Amino acid sequence: DTGVSQDPRHKITKRGQNVTFRCDPISEHNRLYWYRQTLGQGPEFLTYFQNEAQLEKSRLLSDRFSAERPKGSFSTLEIQRTEQGDSAMYLCASSSPKVGAGTGELFFGEGSRLTVL
Amino acid sequence: AQSVSQHNHHVILSEAASLELGCNYSYGGTVNLFWYVQYPGQHLQLLLKYFSGDPLVKGIKGFEAEFIKSKFSFNLRKPSVQWSDTAEYFCAVNSINSGYALNFGKGTSLLVTP
Numbered sequence: 021d022t023g024v025s026q027d028p029r030h031k032i033t034k035r036g037q038n039v040t041f042r043c044d045p046i047s048e049h050n051r052l053y054w055y056r057q058t059l060g061q062g063p064e065f066l067t068y069f070q071n072e073a074q075l076e077k078s079r080l081l082s083d084r085f086s087a088e089r090p091k092g093s094f095s096t097l098e099i100q101r102t103e104q105g106d107s108a109m110y111l112c113a114s115s116s117p118k119v120g121a122g123t124g125e126l127f128f129g130e131g132s133r134l135t136v137l
Numbered sequence: 391a392q393s394v395s396q397h398n399h400h401v402i403l404s405e406a407a408s409l410e411l412g413c414n415y416s417y418g419g420t421v422n423l424f425w426y427v428q429y430p431g432q433h434l435q436l437l438l439k440y441f442s443g444d445p446l447v448k449g450i451k452g453f454e455a456e457f458i459k460s461k462f463s464f465n466l467r468k469p470s471v472q473w474s475d476t477a478e479y480f481c482a483v484n485s486i487n488s489g490y491a492l493n494f495g496k497g498t499s500l501l502v503t504p
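Top to bottom, those sequences are chains A and B.
Going by my numbering, the first sequence opens with residue 21, and the numbers climb by one from there.
Going by my numbering, the second sequence opens with residue 391, and the numbers climb by one from there.
If you are wondering where the hints come from, they were derived from the structure by calculation, not from laboratory data.
Here the structure is a predicted model, which is why all the values come from computation and not from measurement.
We treat Cβ as the ideally placed atom computed from N, Cα and C, and that holds for glycine.
Where hints are given, some of them may not hold.
Label-pair distances were calculated between CB atoms; the ranges are [to be verified]:
no., chain 1, residue 1, chain 2, residue 2, range
1, A, His30, B, Leu501, 45 to 55 Å
2, A, Lys34, B, Ala407, 43 to 53 Å
3, A, Asn38, B, Thr503, 37 to 47 Å
4, B, Ser416, A, Asn38, 33 to 43 Å
5, B, Thr503, A, Thr40, 40 to 50 Å
6, B, Lys496, A, Lys77, 17 to 27 Å
7, A, Thr33, B, Ala407, 24 to 34 Å
Dumping the calculated BS3-like pairs for lysine-lysine here, alpha-carbon to alpha-carbon at most 27 Å [claimed, not checked]:
no., chain 1, residue 1, chain 2, residue 2
8, B, Lys451, B, Lys496
9, A, Lys77, B, Lys461
10, B, Lys461, A, Lys31
11, B, Lys451, A, Lys77
12, A, Lys77, A, Lys31
13, B, Lys439, B, Lys461
14, B, Lys496, B, Lys461
With the hints as constraints, model all of the structure from the sequences given.
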């Protein structure tokens, strides 16, 4: 499968614990995006990378959230001291200027569902 | 502020009925417009997109959308829905100003009954 892959698919944790999600984008896609989706809502933008550079962060991304893409390939999203309000589906997407000339066709993974008890 | 509004949150249709889902956006400058679909248990997939040119765009599975710049709208249509169209539909907008990060509407849940 050459699509965007995310791991783990499901994570249940207790409040206060740290969790980390991994995203492997489509090979050679240089842009990588993280979104959060809660029930009944559309995906909300969190942050995006172009290669290894984190170019934009939403105000939704509190200090407890950190994302990295150290080698410009896979990315991790860490949530420290989780709260019940962090329960959501965390979506990763990637895109490449070679597809649609940079006009933003995003390819999404299946998401990592977080449940904070 | 940049925003995307979808007017219908839940739609129930019988098979063969016609579908129109509304989407309006509030953005400055040149935008790209998208409709994504999420079938039950599956990931988001691109249904269709508008970048420039003909404002009537056709997507997969018989869907089409019309960009009306004066109304800031990008409504999704399908002449005859099928049971397999049951899904969540999201309108989304991006621009070069946002690094092409997509801004999504809240989605419309479509249920097609046999």
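Legend entry - Range hint 45 to 55 Å (beta carbons of A:His30 and B:Leu501) holds or violated: violated, 26 Å
Inset, instruction - Just tell me: holds or violated, for the beta carbon distance of A:Thr33 and B:Ala407 against 24 to 34 Å? - result: violated, 44 Å
Inset, instruction - Go ahead and decide if the range 17 to 27 Å is satisfied by the Cβ distance of B:Lys496 to A:Lys77. - result: With Cβ atoms ~22 Å apart, the hint holds.
Legend entry - Hint check for B:Ala407 and A:Lys34 - Cβ pair distance inside 43 to 53 Å: Once the Cβ atoms are compared, 47 Å apart, the range 43 to 53 Å for B:Ala407 and A:Lys34 holds.
Inset, instruction - With a cut-off of 27 Å on the C-alpha distance, tell me whether B:Lys496 and B:Lys461 pass. - result: Judged against 27 Å, a Cα distance of about 19 Å means the pair holds.
Inset, instruction - Determine whether the Cβ-Cβ distance between B:Ser416 and A:Asn38 falls within the hinted range of 33 to 43 Å. - result: This hint holds: roughly 37 Å between Cβ atoms.
Legend entry - Hint consistency between B:Lys451 and B:Lys496 [alpha-carbon to alpha-carbon, up to 27 Å]: Within the cut-off at roughly 22 Å; holds.
Inset, instruction - For the range 40 to 50 Å, tell me whether the beta carbons of B:Thr503 and A:Thr40 fit it or not. - result: Holds: the Cβ-Cβ distance is about 42 Å, inside 40 to 50 Å.
Legend entry - Proposed proximity, B:Lys461 with B:Lys439 (alpha carbon, max 27 Å): Roughly 18 Å between the alpha carbons, so the hint for B:Lys439 and B:Lys461 holds.
Inset, instruction - Verify the proposed pairing of A:Lys77 with B:Lys461, using a straight-line Cα cut of 27 Å. - result: Measuring from Cα to Cα gives roughly 30 Å; hence the hint is violated.
Inset, instruction - Measure nothing beyond the straight line between the CA atoms of B:Lys451 and A:Lys77; if it is 27 Å or shorter, mark the hint as holding. - result: violated, 35 Å
Inset, instruction - For the pair supplied as a hint, B:Lys461 and A:Lys31, confirm whether the alpha-carbon distance does not exceed 27 Å. - result: Violated: B:Lys461 and A:Lys31 sit about 43 Å apart, past 27 Å.
Comparing the model with each numbered hint stated earlier shows that hints 1, 7, 9, 10 and 11 do not hold.
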